[in-house]
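Visitor: Start from chain A and add chains B, C and D with the ligands according to the hints.
So you can see what is in the structure, the chains are spelled out below.
Number of protein chains: 4
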Amino acid sequence: MSTEKAIPDDRKAFYDEIRPHNMAPLWEVLHALVAKEPVSPVQTVRWRYDDVRSYVMASADLITAKEAERRVLILENPGLPGQSAVTQSLYAGLQLIMPGEIAPCHRHTQCALRFVMEGDGAYTAVDGERAIMKEWDLILTPSWQWHDHGNESDGPMVWLDGLDIPTIRFFDASFAQQGNDEYQLDRRPPGDSRKRFGSNMLPVGFEAPSKSSPVFHYPYAEYREALEQMRGGTEWDPNLGLKLQFINPADGGPVMPTIAAFVQMLPKGFKTAGYKATDSMVVTVVEGTGKVAIGDVTYDLKPRDIFVIPSWHRHAFEAQDDLVLFVYSDKGMQEKLGIWNEQRDSA
Amino acid sequence: MSTEKAIPDDRKAFYDEIRPHNMAPLWEVLHALVAKEPVSPVQTVRWRYDDVRSYVMASADLITAKEAERRVLILENPGLPGQSAVTQSLYAGLQLIMPGEIAPCHRHTQCALRFVMEGDGAYTAVDGERAIMKEWDLILTPSWQWHDHGNESDGPMVWLDGLDIPTIRFFDASFAQQGNDEYQLDRRPPGDSRKRFGSNMLPVGFEAPSKSSPVFHYPYAEYREALEQMRGGTEWDPNLGLKLQFINPADGGPVMPTIAAFVQMLPKGFKTAGYKATDSMVVTVVEGTGKVAIGDVTYDLKPRDIFVIPSWHRHAFEAQDDLVLFVYSDKGMQEKLGIWNEQRDSA
Amino acid sequence: MSTEKAIPDDRKAFYDEIRPHNMAPLWEVLHALVAKEPVSPVQTVRWRYDDVRSYVMASADLITAKEAERRVLILENPGLPGQSAVTQSLYAGLQLIMPGEIAPCHRHTQCALRFVMEGDGAYTAVDGERAIMKEWDLILTPSWQWHDHGNESDGPMVWLDGLDIPTIRFFDASFAQQGNDEYQLDRRPPGDSRKRFGSNMLPVGFEAPSKSSPVFHYPYAEYREALEQMRGGTEWDPNLGLKLQFINPADGGPVMPTIAAFVQMLPKGFKTAGYKATDSMVVTVVEGTGKVAIGDVTYDLKPRDIFVIPSWHRHAFEAQDDLVLFVYSDKGMQEKLGIWNEQRDSA
Amino acid sequence: MSTEKAIPDDRKAFYDEIRPHNMAPLWEVLHALVAKEPVSPVQTVRWRYDDVRSYVMASADLITAKEAERRVLILENPGLPGQSAVTQSLYAGLQLIMPGEIAPCHRHTQCALRFVMEGDGAYTAVDGERAIMKEWDLILTPSWQWHDHGNESDGPMVWLDGLDIPTIRFFDASFAQQGNDEYQLDRRPPGDSRKRFGSNMLPVGFEAPSKSSPVFHYPYAEYREALEQMRGGTEWDPNLGLKLQFINPADGGPVMPTIAAFVQMLPKGFKTAGYKATDSMVVTVVEGTGKVAIGDVTYDLKPRDIFVIPSWHRHAFEAQDDLVLFVYSDKGMQEKLGIWNEQRDSA
Ligand SMILES: [Fe+2]
Ligand SMILES: [Fe+2]
Ligand SMILES: [Fe+2]
Ligand SMILES: [Fe+2]
Ligand SMILES: [Fe+2]
Ligand SMILES: [Fe+2]
Ligand SMILES: [Fe+2]
Ligand SMILES: [Fe+2]
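Residue numbers (the UniProt record's numbering), protein chains in the order written: chain A, 1 to 347; chain B, 1 to 347; chain C, 1 to 347; chain D, 1 to 347.
Here chain A stands alone, though its shape is the one from the complex (with noise of 0.2 angstroms):
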């Protein structure tokens, strides 16, 4: 800032006498690091499905899913130029995967989470046991578990993977392992650990083989019924309307350690009262259309758009028609440190 005093020479001396030593003043930087609120470097930002999901199409005819492994378009927020970051802790992108392209077994310590844009019939293995994925589902690949996944239907499909790829680099915490199989063998049938997890039962004796949800399929078949049902006895939430947490129903805790995942429904008419929290949270659009503000940016609604509100920004919906929306962020991580934080404007 041109407002800034000028650092005398003395100091600017000892400074530079200092700095092989690495060593730094910290009262030249103290209050940029111990910030009176969240100034996030985390931009917000939109992406309109109409706007790129060519790309994601054309990326079939650029690179075969066997030499990219992947075929994923990543969803880089502009204010971590390079980091390959949706937000400080999370990372999104969007997979395209081809009638009959596998993507062969694997695990890494790293947390995903898939939402399904469109395209119907592919399947995700965990541990042995296939999800059949269609539109709107969400399926959980929780850290150091085997698996695949791989389309037989006959049309492409394209999901929003949410993995927590920042947050394992920033702890410096990575490991990755290529299986010997291109497959897993159905060890069990599809939908089994979601009859057997799902139902608020457990089996007796049941030890979670990880801190992640042993449910890991969560069909929008039945999450979006719930909503509808839910509809007539809900006071809504002045500022979030109705908002749900997937959870894992061995602790009643975010659906994995290092990514919570949300539900939210508005409906037609509703506008939220300001709001704002120190989670970054990627939205995606499920039904509906509306518009939100996020600090001095509107967007727009329509479905499968994707968008961030950064930390400590006061955000407001309004519905035009019933309007759903399927939300991750770093709040689960946040809790178990002791730093999260929401301010609500009153309705």
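Each hint should be verified, as a subset may be incorrect.
[To be verified] Covered, in the sense of this in silico footprint (three residues per stretch, anywhere, with C-beta under 8 angstroms from a C-beta of chain D), are these stretches of chain C:
hint	segment
1	217-231
2	243-250
[Unchecked claim] Pair ranges (Cβ atoms, derived):
hint	chain 1	residue 1	chain 2	residue 2	range
3	B	10	C	152	51 to 57 angstroms
4	C	13	B	178	27 to 33 angstroms
5	A	205	B	224	17 to 23 angstroms
6	D	15	A	287	17 to 23 angstroms
7	D	82	A	106	32 to 38 angstroms
Rather than coming from a laboratory, the hints here were simulated on the basis of the structure. The structure displayed is predicted, hence computed values, not measured ones. Built from N, CA and C at the ideal position, the CB exists for glycine as well.
Guide: Same frame as chain A, now just chains B, C and D with the ligands:
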């Protein structure tokens, strides 16, 4: 025992001398107090529904619901006479409610479950939300939550009441209140809590009002379908078949802190290997026929029969048809106290 | 009660008819079973050490340690005759061990605490580590951990045994084993566990062997100093004075899952306002003199006196000198089960 | 790398086309993002206290405490230039406070620890309670608790500041406030919290004001004695010697949710077998001399030297004298997120 050594006279005199001081010699009772294995006063016992149903129905002529407050016949363990206990820690009773009858709103420390034995269409309301009860449904009325019930159908209804009455008495911790009204205003529509909390989703900011499950209705239609779907993918436990615990989705634990509830399925022809555990179980036959051997007692099983498996009694099942059982026990309490134990015979 | 309504003949006949079927009418006992407030059979009772010490000592002449296995006089609540219980859930006894006597190595489900009443220099060994016991020390022998004790000093030693015997009996979960040896080899030096775990430090990778505290010796010298130092900075609780719970440093909870232990200090002249809670307490006077009023009973207090405050009995203390009390109760269990409750009179 | 395949022109064109849409191809970076093993930008680095002490002292002449707010020289990892970070998630600095200087009362989201390098008698006050700081003492100023400090001694004081600044920045969750006063009234005497919470006792009804330890002062005199006493009974861990974690006695976990702190002792002559873990460690030599090999770097060790062991860098110690080390790292965070990992060479 006749082989017991006689107590020398000087000891007898000493025991007589200290008794008025409320003292007694440990050495005379040590081995009974600290037993090598559980020696339960609880007896293996069964109630054939065909035998007891007429008494339940007869109670309607004997006493009005208003006079009785609850028209219930206690199922009392013959090993615990006069204690209104089906096992040392739990209570069971068969409640009859005739068309038009109600139980006014009240609450108490005791946790209760209801398991519908016959009839269709009565309701239980918990905190202003009604559950419409159908055959084999499980309904919870957790500790200190207001509840009432009524029968607006045109037939009688019978359910099994399972409570922790002996436990609350043991800990001297009973509190109870009558509400001001006969019934609660409908604050939320029927099924609301199940829709809210029963699909692996919890509202953002949800804080549990109690240590019990926020879902208080587990309909047979739902859990039975889950069982059916699981048949294909299940490796049957040789000692238990398929045994699922009803859980509190807010923490993955038992439905209520003092009562654990389960559904168990054994496919046609299945014989379980012997099993014993330190929880005493109250078992109701829901579907199918078969046999159970408990120690040296054998019962043939028919729907609606109720029987008790005392702590550390080896037992094994044999399913003539697909057998479905509803079980409640004190396993959850024992696990909290670090004392639950099991032993499995090899298959 | 004489004012109780007579039971009509048809009902009597019905009760007689259903009794052989192990059934009984709830409506005759409902209000006793689901009481408005706790109505404990436990009686307020006190053992003056001056009165009972001679009996404890006399037991040495009456029976050898070898024959007795444990030379203990049970403190039995007069409200629970023949149950070897000091409250409904807990046990108390005074154990005497003479010079040269030992108790061979064994283990059991029951959790035990020892609180040293007189003598100095006997040891308790837990998992191969000895605690040298001094007056007013608290020693734990947690569930299923091998333990033995012996008196290598040249005087008799008396301690108060506090166990969860009635609770383990209630849940039918008792197991016990004798070891192969009379005493355990010293695998670790005396005080090792306290030094390891007692200074707010835990070894990296520590995994608790049980749900009980890894510290099993809480020396009087240490906790007494802490009390003294706290006097200055303490805002005295009007109902409790200064009441501290001995905790398990591995989780911040009670020392053992079934027994909670406390030390309470009331400075000279302090009078507490009335208090009641649902845990039944066993209290030992460590230092000072004073009075306690429990319901309509008043006791004057002297060191080594032991008394019982039953559940939900209003009580208040008056300290003539600085009064230090050791307390154990079932509060930890009740909290785990969600049923603990308290009521405070205003000061 | 020179052997890297050139990117074909059509792909380059495609990448250029999608870049303005904030999109990028995953396949060009996949292996860097999901690494087979941690590849940390953090560098192994050491600050010799003899080298840097003069700069710390010189800062007193360069700037007043008032102007500086905090007179601290940041220890910056050369692999993270300009980031004020000692590892990716943590911060370190050397703070100098001269006689009579104070830091006014304030609070912030960031958790901080202080480890005293030299001097004696300054204080840190947390929530109105002062800790008088001596050499090698550990003091915590947990998230959002008011704190101030001052030097009422007559010599300079230097401590190592350890904070979670980079983590709070990563999660965009920084909040800070200045108090109204220069210092807090003494609401409680020095040492009060340690006396209250540090002896395996917690006040009845204690509710933790934060997720951090209620003990905020871990004096060297205490933890050093514990180490000494443990020498006898310890089986030395071949990879770690004797490594203890400072814990939060209210839950048995790390002292603060974002920073784990440890003290490690290696007896004279001890050589550890190689070890690596995913947490990056900041290590201060407290006592003794020796060597550490970290990857292919070897440092000789002297008291007050500070060095960094980056994630997944194999390291091994050799103790010439008894070696005592103070360590802080992000292990606690990684464990909460389910991503902490270690590897041990056999001895
Ligand atoms: Fe912005
Ligand atoms: Fe993957
Ligand atoms: Fe029996
Ligand atoms: Fe009731
Ligand atoms: Fe009484
Ligand atoms: Fe024992
Ligand atoms: Fe390196
Ligand atoms: Fe600060």
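Visitor: All the hints need checking, so say for each whether the structure fits it.
Guide: Right, here's what the structure says about each hint:
1. Beta-carbon proximity to chain D at under 8 angstroms applies to 6 residues in the segment 217-231 of chain C; the threshold of 3 is reached and the given coverage holds.
2. With a threshold of 8 angstroms between beta carbons, the proposed coverage of the segment 243-250 of chain C by chain D holds, since 8 of its residues qualify and at least three are required.
3. With their beta carbons about 29 angstroms apart, residue 10(B) and residue 152(C) fall outside the hinted range of 51 to 57 angstroms.
4. Taking 27 to 33 angstroms as the suggested C-beta distance range, the pair residue 13(C) and residue 178(B) conforms, at roughly 31 angstroms.
5. For the pair residue 205(A) and residue 224(B), the supplied restraint of 17 to 23 angstroms holds, since their beta-carbon distance comes to about 22 angstroms.
6. In this structure, residue 15(D) and residue 287(A) break the distance hint of 17 to 23 angstroms, their C-beta atoms being roughly 33 angstroms apart.
7. Between residue 82(D) and residue 106(A) the Cβ separation comes to about 36 angstroms, which falls inside the hinted range of 32 to 38 angstroms.
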